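Work out the full structure, taking the sequences as your base and the hints as a guide.
Protein chains: 2
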Amino acid sequence: MAKKINIGLFGFGCVGQGLYHVLNNSKGFKANIVKIAVKNREKQRPLESSVFTFDKQEILDNPEIDLIVELIDDADEAFKIVSYALSKGKHVVTANKKMVASHLQELYNLQHEHNVSLLYEASSCGSIPIIRTLEEYFDNEQIEKLSGIFNGTTNYILTKTIAEKLSYEEALKQAQEKGFAESDPTNDVEGFDAKFKAIILALHAFGVIAKPEDVLNIGITTLSPHDINYASEKGYKIKLVPTVKRLTQNEISIFVLPKFVPVSNHLYSVDNEFNGVIVDGEFSGEQFLKGRGAGGNPTGAAVLSDISALSYGYKYEYKKQKQSPDIKFSNNALLKVYLRYNKEEDLKKFEFQNISEQYTGGEYHYVIGTIDLNDIIKNKAYLIKNKLFIGVVGEDISAVSKPKESVAKKLILN
Amino acid sequence: MAKKINIGLFGFGCVGQGLYHVLNNSKGFKANIVKIAVKNREKQRPLESSVFTFDKQEILDNPEIDLIVELIDDADEAFKIVSYALSKGKHVVTANKKMVASHLQELYNLQHEHNVSLLYEASSCGSIPIIRTLEEYFDNEQIEKLSGIFNGTTNYILTKTIAEKLSYEEALKQAQEKGFAESDPTNDVEGFDAKFKAIILALHAFGVIAKPEDVLNIGITTLSPHDINYASEKGYKIKLVPTVKRLTQNEISIFVLPKFVPVSNHLYSVDNEFNGVIVDGEFSGEQFLKGRGAGGNPTGAAVLSDISALSYGYKYEYKKQKQSPDIKFSNNALLKVYLRYNKEEDLKKFEFQNISEQYTGGEYHYVIGTIDLNDIIKNKAYLIKNKLFIGVVGEDISAVSKPKESVAKKLILN
Numbered sequence: 001m002a003k004k005i006n007i008g009l010f011g012f013g014c015v016g017q018g019l020y021h022v023l024n025n026s027k028g029f030k031a032n033i034v035k036i037a038v039k040n041r042e043k044q045r046p047l048e049s050s051v052f053t054f055d056k057q058e059i060l061d062n063p064e065i066d067l068i069v070e071l072i073d074d075a076d077e078a079f080k081i082v083s084y085a086l087s088k089g090k091h092v093v094t095a096n097k098k099m100v101a102s103h104l105q106e107l108y109n110l111q112h113e114h115n116v117s118l119l120y121e122a123s124s125c126g127s128i129p130i131i132r133t134l135e136e137y138f139d140n141e142q143i144e145k146l147s148g149i150f151n152g153t154t155n156y157i158l159t160k161t162i163a164e165k166l167s168y169e170e171a172l173k174q175a176q177e178k179g180f181a182e183s184d185p186t187n188d189v190e191g192f193d194a195k196f197k198a199i200i201l202a203l204h205a206f207g208v209i210a211k212p213e214d215v216l217n218i219g220i221t222t223l224s225p226h227d228i229n230y231a232s233e234k235g236y237k238i239k240l241v242p243t244v245k246r247l248t249q250n251e252i253s254i255f256v257l258p259k260f261v262p263v264s265n266h267l268y269s270v271d272n273e274f275n276g277v278i279v280d281g282e283f284s285g286e287q288f289l290k291g292r293g294a295g296g297n298p299t300g301a302a303v304l305s306d307i308s309a310l311s312y313g314y315k316y317e318y319k320k321q322k323q324s325p326d327i328k329f330s331n332n333a334l335l336k337v338y339l340r341y342n343k344e345e346d347l348k349k350f351e352f353q354n355i356s357e358q359y360t361g362g363e364y365h366y367v368i369g370t371i372d373l374n375d376i377i378k379n380k381a382y383l384i385k386n387k388l389f390i391g392v393v394g395e396d397i398s399a400v401s402k403p404k405e406s407v408a409k410k411l412i413l414n
Numbered sequence: 001m002a003k004k005i006n007i008g009l010f011g012f013g014c015v016g017q018g019l020y021h022v023l024n025n026s027k028g029f030k031a032n033i034v035k036i037a038v039k040n041r042e043k044q045r046p047l048e049s050s051v052f053t054f055d056k057q058e059i060l061d062n063p064e065i066d067l068i069v070e071l072i073d074d075a076d077e078a079f080k081i082v083s084y085a086l087s088k089g090k091h092v093v094t095a096n097k098k099m100v101a102s103h104l105q106e107l108y109n110l111q112h113e114h115n116v117s118l119l120y121e122a123s124s125c126g127s128i129p130i131i132r133t134l135e136e137y138f139d140n141e142q143i144e145k146l147s148g149i150f151n152g153t154t155n156y157i158l159t160k161t162i163a164e165k166l167s168y169e170e171a172l173k174q175a176q177e178k179g180f181a182e183s184d185p186t187n188d189v190e191g192f193d194a195k196f197k198a199i200i201l202a203l204h205a206f207g208v209i210a211k212p213e214d215v216l217n218i219g220i221t222t223l224s225p226h227d228i229n230y231a232s233e234k235g236y237k238i239k240l241v242p243t244v245k246r247l248t249q250n251e252i253s254i255f256v257l258p259k260f261v262p263v264s265n266h267l268y269s270v271d272n273e274f275n276g277v278i279v280d281g282e283f284s285g286e287q288f289l290k291g292r293g294a295g296g297n298p299t300g301a302a303v304l305s306d307i308s309a310l311s312y313g314y315k316y317e318y319k320k321q322k323q324s325p326d327i328k329f330s331n332n333a334l335l336k337v338y339l340r341y342n343k344e345e346d347l348k349k350f351e352f353q354n355i356s357e358q359y360t361g362g363e364y365h366y367v368i369g370t371i372d373l374n375d376i377i378k379n380k381a382y383l384i385k386n387k388l389f390i391g392v393v394g395e396d397i398s399a400v401s402k403p404k405e406s407v408a409k410k411l412i413l414n
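Going line by line, the protein sequences match chains X and Y.
Going by this note's numbering, 207 is the number at position 207 of the first sequence; the sequence numbering is gapless.
Going by this note's numbering, 303 is the number at position 303 of the second sequence; the sequence numbering is gapless.
Everything labelled a hint here was simulated from the structure, so no lab data went into it.
Among the hints, a few may not be true.
Stated by the list, open to error - DSSO-like, lysine-lysine: derived pairs with alpha carbons at most 30 Å apart: (1) LYS211(X) - LYS234(Y); (2) LYS315(Y) - LYS315(X); (3) LYS315(X) - LYS319(Y); (4) LYS328(X) - LYS30(Y); (5) LYS319(X) - LYS27(Y); (6) LYS322(Y) - LYS30(X); (7) LYS80(X) - LYS35(X); (8) LYS145(Y) - LYS178(X); (9) LYS349(Y) - LYS4(X); (10) LYS165(X) - LYS234(Y); (11) LYS315(X) - LYS4(Y); (12) LYS328(Y) - LYS319(X); (13) LYS343(X) - LYS387(X); (14) LYS145(X) - LYS27(Y); (15) LYS315(Y) - LYS4(X); (16) LYS322(X) - LYS4(Y); (17) LYS27(Y) - LYS328(X); (18) LYS385(Y) - LYS349(Y); (19) LYS145(X) - LYS30(Y); (20) LYS27(Y) - LYS322(X); (21) LYS27(Y) - LYS4(X); (22) LYS319(X) - LYS35(Y).
Just so you know, these numbers come straight off a predicted model, no measurement behind them.
If you want it as structure tokens, here you go:
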């Protein structure tokens, strides 16, 4: 921290403004935001206009700017900015989970080739320092499982459905009115946001690189009052739980599915807009971290922490990947699930390995049984279209004994 | 991690053996335990006798040993070992909370004078990486409050009193039978262990140095069935909660007292032998970390993490202290408490600022009111002797408007 750092900022939305506030009020760290690149020329902004630019090169090619902070929404544009900056030898901090999750290999290579550092703590679980904890504290301990609640919007909605007996539609509307959900909530309620975060954390916890298109995400859009009643009767809460699980020594599965969470699970106490992460380590057992997953100040604080770390020369070491170069992503997992269906032919679509409970009634039916994750993937479109609801029950996730196929991704260290 | 590290280990009890196991089973990190110093010549040990020594100088003066890991019980002897090693230019890892809490200033000075690093993550909350998180993640964010459950023994006992309606005496007996409590449980049940941890965390979170003798600790030894009933009726759990609170910009209070914890508090879900820490940051809001606070493998994993960090040249920066050199420890705090008493003259001992509730019955009485922490300190001996029970109610802790006295401690940076 010998000299004051000059920052070039991209984006001045919720997180950008949060960073600005946090940076100006931090007692410990001083840095200048020299220039802010924004897109919309019409918008009124709370700072004087000379600090803004509409030309990204004005920041990227400014030799006085020490590091780039990228906080825009558009993942494709964000990748262009970040990859250009890294290739020009500039360190970068980003909070863009979709961009990072979609380009893990390229971003790794760029850092390595140009000897620069890219930090993205704010991309996953807002203020919870999970990436840093995985990198620095669990670097020598084998992780068996990582799961959590990574999306505050869906958690807010789900909390309302159980606590206030609202329907999914009512709870979504309330979340939108309160600013917890966007007018197009697809990214949140269909589990994409949670998936990107799970993919990022899977690299730092297990060393595996998965492509977003290979990882299942089923959200909460088909949740019905029947499912809410079922959960309430059994004492469960319904949560959207991304899960990363070691199936065998070298196979890691990742998926995002609703889950019926019992009171004994740490995630049971994570309500409303909070996020939580459970890390199950070989020696430490279960570690649980909980904090605000979104919001300008909490996310701004995470960005500030990365900026500060960069000022000390910090970079991710990706040690897990180096320790386990043969690790592969796989969907060959067996899960125990609740499937609520409407008619007999719905059930016939699925190949359950066994069914431990079955309920048929006038209005709806459900089964509880063990199923291959590949079978859920195959039936995802049918499930959504016909408004069936599926949710994980219990903690058992095991490898399918005879793998059908394996999607292998490997990070090439160069 | 260029070369394999040679470790000299002091102590081979639960944590020492846990470290040995963890080190031998870690995929990521290799180090040799070259020599282990132990005290008892009679004890059977699971390793061949040539690895053990009864002469501490054989380790301390061995030039081939790169770092010292100190895991003995005796705090005075531990300080001799650690200060000698540091003064000879050797890096040290310790898990001894009493030793660290009692010598913060000296240990800081020794590190600085001899340009060596002392790490002690395992001293506080076992496997929870709280010191590292405070040092590296909250380094630029002002912390307003830090509280938690830092002692697994008392938490196990308290969980049993509420969940199984056991009396304190019955629950203590069960904890001793299961190995969760020692035959002399004073250090745990009177809150000394929790206090040492709170003092260590207060330095890393607030930059304040407090002496153990200045910090109040009242444990759970006077807990009666009346108090347990009161908690159950109101929906509280009773927990032993060390608290570090910013009273004013430059005054920090620290105390260990039982607390009536409502379901809305993160600590409500921390049961049995688990530990939990809530860090309330200016920007991030409440962050909560939960994990195993004791046990050979979890604590061994924390020690391993420190050893690994040392191999990369890591040292604590004590940034909060450098940012706030004027910060002082103070007991001038107002708290809202429940006080259960036996006879009218008990109550007269205490100077309540106000009393919001009062119950008098045939068997016992209680008041709920606001009291000066100094007044509790003054009456501690009376309270224990007459078996009164005191517990914090609610979250309000404020500065006494006209401070009576101030115990100022300052870390001198040299």
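Here is how each hint holds up against the structure:
Note on LYS211(X) and LYS234(Y): the hinted pairing is violated, with a Cα-Cα distance of about 50 Å set against a maximum of 30 Å. A hinted pair counts as satisfied when its Cα atoms are at most 30 Å apart, and LYS315(Y) with LYS315(X) qualifies at roughly 17 Å. For the given pair, LYS315(X) sits about 20 Å from LYS319(Y) by alpha-carbon distance, which is consistent with the 30 Å threshold. Taking the CA atoms of LYS328(X) and LYS30(Y), the gap is about 24 Å. The hint holds against a cut of 30 Å.
Under the criterion of a C-alpha separation no larger than 30 Å, the hint pairing LYS319(X) with LYS27(Y) is consistent with the structure, at around 11 Å. With a CA separation close to 15 Å, the supplied pair LYS322(Y) and LYS30(X) stays within the 30 Å bound. Restraint check for LYS80(X) and LYS35(X): the C-alpha separation of about 18 Å stays at or below 30 Å, so the hint holds. Taken as a hint, the LYS145(Y) and LYS178(X) pair is honoured in the structure, with Cα atoms around 28 Å apart against an allowance of 30 Å.
Between LYS349(Y) and LYS4(X), the direct Cα distance comes to roughly 56 Å. Violation of the 30 Å bound is thereby established for this hinted pair. About 25 Å separates the Cα atoms of LYS165(X) and LYS234(Y), which keeps this hinted pair within 30 Å; it holds. Among the hinted pairs, LYS315(X) with LYS4(Y) is consistent with the structure: their alpha-carbon atoms are about 23 Å apart, no more than 30 Å. At roughly 40 Å between alpha-carbon atoms, LYS328(Y) and LYS319(X) are farther apart than 30 Å, so this suggested pair is violated.
Pair hint LYS343(X) plus LYS387(X) holds up; C-alpha atoms about 11 Å apart against a cutoff of 30 Å. With a C-alpha separation of about 16 Å, the suggested pair LYS145(X) and LYS27(Y) falls inside the 30 Å cut-off, and the hint holds. A hinted pair counts as satisfied when its Cα atoms are at most 30 Å apart, and LYS315(Y) with LYS4(X) qualifies at roughly 23 Å. Under the criterion of a C-alpha separation no larger than 30 Å, the hint pairing LYS322(X) with LYS4(Y) is consistent with the structure, at around 17 Å.
Between LYS27(Y) and LYS328(X) the alpha-carbon distance is near 17 Å, which keeps this suggested pair within the 30 Å criterion. Restraint check: the Cα-Cα separation between LYS385(Y) and LYS349(Y) comes to about 13 Å, which is no more than 30 Å; the hinted pair holds. For the hint linking LYS145(X) to LYS30(Y), the alpha-carbon distance of about 23 Å falls within 30 Å, and the restraint holds. A threshold of 30 Å between alpha carbons decides the hint, and for LYS27(Y) with LYS322(X) the separation of about 11 Å falls inside it, so the pair holds.
This hinted pair does not check out: LYS27(Y) and LYS4(X) have alpha carbons roughly 40 Å apart, beyond 30 Å. Restraint check for LYS319(X) and LYS35(Y): the C-alpha separation of about 29 Å stays at or below 30 Å, so the hint holds.
Consistency note: the structure conflicts with the earlier hints numbered 1, 9, 12 and 21.
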